Amino acid sequence: MWTPTGAAAPQPLEQLILRRGQVIDTFKRELIRRLNLPYLPEDLHEDVSLLGSGLGLDSLDALEIVLCVETCFKIKIPDENISVLRSINTVVDFVLEQREKTGGQA
Amino acid sequence: MRSSPLKTQLAAAGAIHRERHGVEIVSHLGDLRAECRAVREAAALSDFSFLRVFSLPENPGMDVLDALLAGNVPKIRFGRILHTFLADQEGQLAADCYVANNDQEFVFLCESIRPDAELDALLAASGFAAAARDLSADHVVLSLDGFKSWEIVKKLFGADVLGLPYLSIENYSFAGTPIRFIRAGKTSEFGYLLLAPAGIAAQLFAALKTEVEALGGQLAGLDAHDALRLEGRFFNIFREGERVRDPLPLGLQWMIDFEKDPFLGGEAIKQRRAAGVKQKVIGLSAEAGCGDLKTGAKIYSAGQPVGEVVADGFSQVLNQPLALGLFPVQLAFAGLPFQINSPDGPAIRSISMPPIMPRSLTVKLDEM
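Top to bottom, those sequences are chains D and G. The numbering of the first sequence is our numbering, which starts it at 1 and goes up by one. The numbering of the second sequence is our numbering, which starts it at 1001 and goes up by one.
A portion of the hints provided could be inaccurate.
[To be verified] Pairwise CB distance ranges, derived in the manner of DEER restraints:
#1 G:Gly1127 x D:Gly21: 44 to 52 Å
#2 D:Glu80 x G:Ala1207: 36 to 44 Å
#3 G:Thr1362 x D:Glu64: 18 to 26 Å
#4 G:Gln1304 x D:Gly103: 33 to 41 Å
#5 G:Ala1137 x D:Cys72: 26 to 34 Å
#6 D:Thr102 x G:Glu1058: 54 to 62 Å
#7 G:Asn1341 x D:Lys76: 26 to 34 Å
Please keep in mind that the hints were generated in silico from the structure rather than gathered at the bench. Model, not experiment: these values are computed from the prediction. Just so you know, even glycine gets a beta-carbon here, dropped at the ideal spot from N, CA and C.
Bound conformation, chain D alone (with noise of 0.2 Å):
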């Protein structure tokens, strides 16, 4: 099995999981702490749904959630982007895209 210690790993996966890992932790945070959701970080797999099953968030939470990525990344949800709440997962894929869009600035 692949270790994350091991000198296998090419830097750029590396480079990937840093960047993307760092923004799950963030939000997942966030999201725990605002929603008052009685789990550790760990708990929450990136994938499930926020809304519906799953977490089972409501309408409330929903705009929550918006206001938590505008607070935690500078970012805007557009109102009609409902699809990126889907999950932990299409919401950082969300925040990922703006900050390459901007260079990084967001």
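With the hints as your guide, set chain G onto chain D.
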């Protein structure tokens, strides 16, 4: 082997049956692509009578179920449904469960990877048998799924149906007979489960089939549901669940109330959680022509084996293979390149799930 009361009607419609954990199920109706498309674009009707279904009186049903299941049963509000799981003493998955709080009764539905006798033995741990009535033998469960499925339930049961939130239960009647009506579904399109006495099963099946076909839909088997669940990233106990068994790498923590009273297998699960989860299941995709992304295949990174495929399917929406892979948590991130089957094998990629945007998310039922 347990068979559906609707087997004759389904066989006449072209259904191909197979056995799964001691239960005869509809595998497919000859055209997997058409069955999946029916759900995404119109509606599909499926026989879900493979489910074990029980009714328990509120007292002692609430305490009995709470002692068995990972979720918090006393917290279920009237008319709502808890999605949780049943584990064995070792904290390994046995069944994916819905518990519905329905007017002085709890309705308990299990997708079990244990044969009926083994499931009964597990449930016996909390005095379940004395409290529960097994509805599986004399009821059918029909699953109506699809972008337009709401039109059918509105026509048959009235516009009130559209006000039901996801994961809720209500009692309606069909042909003068009470049925339990559940809004649920694991396809990411609108979904409804209809729990009806076997005496009206054929009549209800015929009525739903007529309406489904009028919308351009059709019958669908469980192979299609497997593909749709993967595409919508709904947990599938019959695929990744059965292969991994441990709810923590599967990401099912959301089904667990870690603060509740003891439950079957809970101590083992909490110990593993405290020790730190070492592996995690994540989404994978490959190019359209790649035939290697199959369950059991080894996944490589930098020349070394790092994971294994635990569920696979083909997305009709994306026109490409999808899978779930079990990885060490240090590598369990979307957006990474891997190889499949060998260090020089075809390129695959970890992806964010769900990878599709279901059409049903664009419809507001309360405005219909």
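Hint check results:
At about 46 Å, the CB distance of G:Gly1127 to D:Gly21 agrees with the hint of 44 to 52 Å. For the pair D:Glu80 and G:Ala1207, the supplied restraint of 36 to 44 Å holds, since their beta-carbon distance comes to about 38 Å. Against the hinted window of 18 to 26 Å, the Cβ-Cβ separation of G:Thr1362 and D:Glu64 comes to about 22 Å, which satisfies the hint. Range check, G:Gln1304 to D:Gly103: about 35 Å between beta-carbon atoms, so the 33 to 41 Å window is met.
The beta-carbon spacing between G:Ala1137 and D:Cys72, approximately 53 Å, falls outside the hinted interval of 26 to 34 Å. A C-beta distance of roughly 55 Å is found between D:Thr102 and G:Glu1058, which places it inside the suggested range of 54 to 62 Å. A hinted range of 26 to 34 Å for the beta carbons of G:Asn1341 and D:Lys76 is inconsistent with their spacing of about 43 Å.
Checked against the numbered hints given earlier, the structure breaks hints 5, 7 and satisfies all the rest.
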